[in-house]
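S.K.: Let the sequences and hints guide you as you build the complete structure.
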Amino acid sequence: MTIRLADLTAADIAAERERFPRAFAPSLRERVRFWLAWGSCAALTVYCLYRFGFLSSDFLHGVSKFGAVVVAQLFPPAGYADLPLFLKVIGETIAMAFIGTLLGAVMAFPLSFLASRNMTRSRPLQFGTRRFADLLRSFDYLIWALIFVRAIGLGPLAGIMAIAIVETGTFIKLYSEAIENLDRKQIDGITAAGGNGLQRIRFGVLPQVLPMMLSNTLYMFEHNVRSASILGIVGAGGIGFLLADRLRAYELREACLIIILVVLAVYAIDYLSRALRERLIGDHRRREPVDDPAQA
Amino acid sequence: MTANAAPRGSAARFEIEYAAYRRKKRAYAALFGAAFVVCLVAAGVTAKFDVLTLIQGLPRTTEFLVKLIPPIGLATFAHDMGEWYWDLNKWLDSLLNTLLMAYLATVLGTAIGGFLSFFAARNLARHYFIYWLTRRALEIARTVPDIVWALLFVIAFGIGPMAGILAITVHTIGAQGKLFAEVNENVSSLPIDGIRAAGGTWFQEIRFAVLPQVIPNYLSYTFWRMELNVRSATIVGFVGAGGIGHDLFTSIQLLYFSDAGAILLIIVATIMLIDILSEQFRHSAIGKAAFAR
Chain A
1 MTIRLADLTA ADIAAERERF PRAFAPSLRE RVRFWLAWGS CAALTVYCLY RFGFLSSDFL
61 HGVSKFGAVV VAQLFPPAGY ADLPLFLKVI GETIAMAFIG TLLGAVMAFP LSFLASRNMT
121 RSRPLQFGTR RFADLLRSFD YLIWALIFVR AIGLGPLAGI MAIAIVETGT FIKLYSEAIE
181 NLDRKQIDGI TAAGGNGLQR IRFGVLPQVL PMMLSNTLYM FEHNVRSASI LGIVGAGGIG
241 FLLADRLRAY ELREACLIII LVVLAVYAID YLSRALRERL IGDHRRREPV DDPAQA
Chain B
1001 MTANAAPRGS AARFEIEYAA YRRKKRAYAA LFGAAFVVCL VAAGVTAKFD VLTLIQGLPR
1061 TTEFLVKLIP PIGLATFAHD MGEWYWDLNK WLDSLLNTLL MAYLATVLGT AIGGFLSFFA
1121 ARNLARHYFI YWLTRRALEI ARTVPDIVWA LLFVIAFGIG PMAGILAITV HTIGAQGKLF
1181 AEVNENVSSL PIDGIRAAGG TWFQEIRFAV LPQVIPNYLS YTFWRMELNV RSATIVGFVG
1241 AGGIGHDLFT SIQLLYFSDA GAILLIIVAT IMLIDILSEQ FRHSAIGKAA FAR
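Going down the list, the protein sequences come from chains A and B.
Under our numbering, read the first sequence as residues 1 to 296, first letter to last.
Under our numbering, read the second sequence as residues 1001 to 1293, first letter to last.
Hint data in this document are derived by calculation from the structure and do not stem from the laboratory.
Here the structure is a predicted model, which is why all the values come from computation and not from measurement.
All clues stand as given, with none of them false.
Just a few of them, taken from the derived set where beta-carbon distance is under 10 Å, the chain B residues facing chain A:
hint	residue
1	Thr1061
2	Gly1160
3	Val1268
4	Ile1271
Ideal placement from N, C-alpha and C gives every residue a C-beta, glycine not left out.
M.R.: Set out below in structure tokens:
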């Protein structure tokens, strides 16, 4: 039997609504939950706006000052006389990211085997390594940089150490996830052919995990060029120092030039690294290894 | 003899081709290896990286890390902890500020970024120029790090949480706008066509055809962004933009190391807790259903 839309009357619809109320409207409980969830979020938002002074005239004052002072003085970029210096320091920034990422990868590689469930028999050791990695990761680069500037002095070495420490944590997590996802059969094959432990790792494990590790490492290098560009704000080397210096001295046009140069450098590194990833391991993913909620 | 020639020939050919393949692979590996070493040396020279300084620095780092924790005796544990966390109320207040800063920035950034994402999605934007402009604006907002935005906003809005909130908001707009736009581009076009066929406006298309498809993904991204923004909110204080980072920065500048240790511990505990909570929420269908309906 077919029902034609034209044949339906308002009475029919009312009757259906009577019979199947849930198909026409959510239940009272759902509605209450919906309004409670959104309502409490909205209430908290309004409270925050009030608490931080967005509802006072200070905010409007700041907006007008931002327009009049900051945006107006930001353009056009200036300071081309310092261009060689800026470029040199951007080079230093990229070098910091490179060495920091590499150090992190080197430190994380052996630890990542400890942190994988299928490689480590001792559960407390595996769990402990994982938590250790979480601990290293939970501080931002800038916090580590602040610590290392105090401990080993101003300069790029503090920045390199900050990146290396955070990356050790990140790579332990990423590498051990790659190791845990590997296919057991290849290792069994090596065992069946009489291979020893080292050969199992060399021919059974590494061929499976190395492409993933390389790709993740390159991706984090891209990411760290961005991080390294701000570490100078606390004195840990790189372009961030010049940027913060110019901004604090109200040399906004020069700061603008630095920001533009950094953005260009970041794009260039992203492009190169992506090309290299595709060339090396055919990694076309645009997916980001750590910062990917869909993955979780 | 002749009968065996063909298979042996193909086996030999395989050997030859395989050897050539291996040679090519080795050559590539050597090439990449050499390029890598060149990069490494260049980087080491540029960043003035010195293994000796590094090795000398390590004991000083451990020395410093030890200074972060004051002596705590087992017998006088409660008293020592009380001494260590002597300014707990102020720090907890800063922590609350930090969390609320992150919350507000996430809400504002997601609202604005979410709105802009409809113009930055190729399938929904009506004019190519608007699409292009929105994309570039979002790109700038997220490529400039939030701490740089914070430096800019501190100039106009003065020292305090407002500058930090705005900085994180701008960064969030850029990040959410891009992620949401990608979600929008993946929606099924059938409901949109349906609304359009029934004579709906652009806003009705978005409200009744697009939003129901994308809200669950939006929520996942938003909770994850909240996690990241809590991290950002802990550091924008370094440049005077409010939050617990300000207390950390001043305590390290003034060489109050045990204070710094206490604050660092608070930060770690908070970040780990937020990570766990956010992950739980992202995985809970019920929590999301409350918002999605």
